[in-house]
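Can you make the complete structure from the sequences, with help from the hints?
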Amino acid sequence: MTETTAASAPPTDQISVRNLTMAYGDFVVMRDLSFDVSPGEVFVIMGGSGCGKSTLMRHLLGMIEPATGEIFYGGESFTSASREVRESYLRRFGVLFQGGALWSSMTLAENIALPLEEYTGLGAAEIRDVASLKLALVGLRGFEDYYPSEISGGMRKRAGLARAMALDPEILFVDEPSAGLDPISSRLLDDLILELRESLGTTFVVVTHELASIFAIASKAIFLDTVTRTATAIGPPIDLRDHSQDPAVRAFLRRGEEEHE
Amino acid sequence: MSSGRGAGAAQAQDIAKVSLQRDGDQLVVGLAGTWQISAHLPGTTAVEAALESPPAPTGIEFDSQGIEGWDSSVLTFLMGVEDAADERSIPVDHAGLPDGVRRLVELARAVPERGTRTEEPKGSPLARVGGVGLKIYDGAVGELEFLGEVARAFGAFLRGKARYRKSDLRLLIQQAGADALGIASLVSLLFGLILAFVGAVQLQQFGAAIYVADLVGVGMVRDMAAFMTAIIVAGRSGAAYAAQIGTMRVTEEIDALRTTGISPMEFLVVPRVVALVLMMPLLTVYADLMGILGGYVVGVGILDLTPRAYIQQTINAVNMTHFFPGVIKGTIYGLLVALAGCKQGMAAGNSASAVGDAATRAVVNGVVAIIVACGVAQVISYVFGI
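In the order they appear, the protein sequences are chains A and B. Going by this note's numbering, the letters in the first sequence line up with residues 191 to 451, in that order. Going by this note's numbering, the letters in the second sequence line up with residues 36 to 421, in that order.
Misleading hints may appear alongside valid ones.
[Claimed, not checked] Computed Cβ-Cβ distance ranges for the label pairs, DEER-style:
| no. | chain 1 | residue 1 | chain 2 | residue 2 | range |
| --- | --- | --- | --- | --- | --- |
| 1 | B | ALA143 | A | LEU401 | 45 to 55 Å |
| 2 | B | VAL407 | A | PRO373 | 55 to 65 Å |
| 3 | A | GLU266 | B | GLU178 | 51 to 61 Å |
| 4 | B | GLY420 | A | TYR337 | 47 to 57 Å |
| 5 | A | SER272 | B | LYS201 | 23 to 33 Å |
The hints are simulated quantities; they were obtained by calculation from the structure and are not laboratory data. Glycine residues also receive a C-beta, built at the ideal position from the N, C-alpha and C atoms.
Printed below as a string of structure tokens:
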């Protein structure tokens, strides 16, 4: 299957994970994960609640160390890299956290400005212009001087996306884009993700269990199974729904409804 | 609770009733009346007694013809009956229940989903003692790691390389310093007053009331001003730091800093520590003056000392060997309070109540640290004769 080819192939893709086992102490969350993500792909991590989707994303970001296994970016090992090298990778990542995670003591423009100040040599006026542009891209033109507490949850998420995009990252990680959003806002966020992938060629790693979202955006998806504690399927979600060998995967992608074949 | 028969229709309109009856080797549980969760509910003791009484029934059936209304209270009762039956492996027949009740009972008794939480094994008493020991060890290691990280961030700060916002620092300085002046005034003024009264009662007996000025002056400047100010700051700023940083953990703002490549130690902890370490000596000096003013009010207003004599006595009594230790102690207390607050915030759990706990622990640990440091300082100054 896909997993076995991934496990044996040399890691050259943009993101490659080999035999990753995630554990909290003695408690194994997921074992033997191996997969590749190519540039420009929208890679969805799916699975039931509490199966370790967000944990996998945190591993990919280096926020948690793997119990065993390795993570590669562009063929280079991230897991065994030094602290300095890892920090240099962070510049190429953008992260949209579940609630947006905007820094609450700063305005939206200041939120976006912080990574720019950190990593670019731009002057204050230029940074302000870039921040306004990023906000305009997510439909928040004119909200530069608002504080996160003054805008709605959906707007906070979009502002979080604007901040994640501040440095034009190569890879954008998105944690539960639809959580807490109404169907229309959620759809708009999906459209935004697709648009950014088309226009900027950004690779997306999205954690979600929203079926509508998965079918709309994913070019490839991995299913984390709670029972066997490993990935039971990798591939385009529609193929998995119709042709997966694993009934749990088909059931998940059909909301547990009966199959009519 | 009634086990009588025919407790049905007429008068029982608003009381839930249970009747028990034998039908061969079956126990028939009759349900009647209106079952309301807000009213008094029958227990299952009688049913359990009936299950025990020989010859023990081999099955349970229900008769719900007399039932007039029900809500989840009837389910609570039925689940009790089910559990009692399960214990004795007696089958329960749901056929006699109203349709809705039957479906809900079956729903509630469906096999629960396996939880993902792992139960902690209890273990022998020895293992538990070991567990506590390991927890203390982990706590100590965590404390040292935190101090190490703060020290490293401070190194970056002193070399001018730390990443923080100057506007944040200014705001923190204002909150820790200027905004605390009101409460610091009140507390130190009153404390000076209290010291003066306590001293006056004793000193007046020897006709030495003028020495109240020495007592208040030296007492405040050397120790009490720094001490009281530190306690106030622990309650104000220490708790605020733990709550702010803890909330930022819950909302993933700290993770967002990390993934942006900004150290939360430099960005959040260092400015808070700097703010308190800068402001505590100033607050201490201010509290010195307010405390002396408190003593002056008592000395001049109540003990009939002349203003001139009181001030002169204070100036003679208080010198730099009192002043500097007091200010240095205040600075150290400030450092301790800031570290306790930030440490608890960074270690807070992921919920609203965890943030509350962190704020509480920040204050408690801060106050304990202040008292311990104060004790150590007394011993040091005694040994070295300062």
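Next on the checklist: Flag every earlier hint the structure violates by its number, smallest first.
Outcome noted: Of the numbered hints, 1, 3 do not hold.
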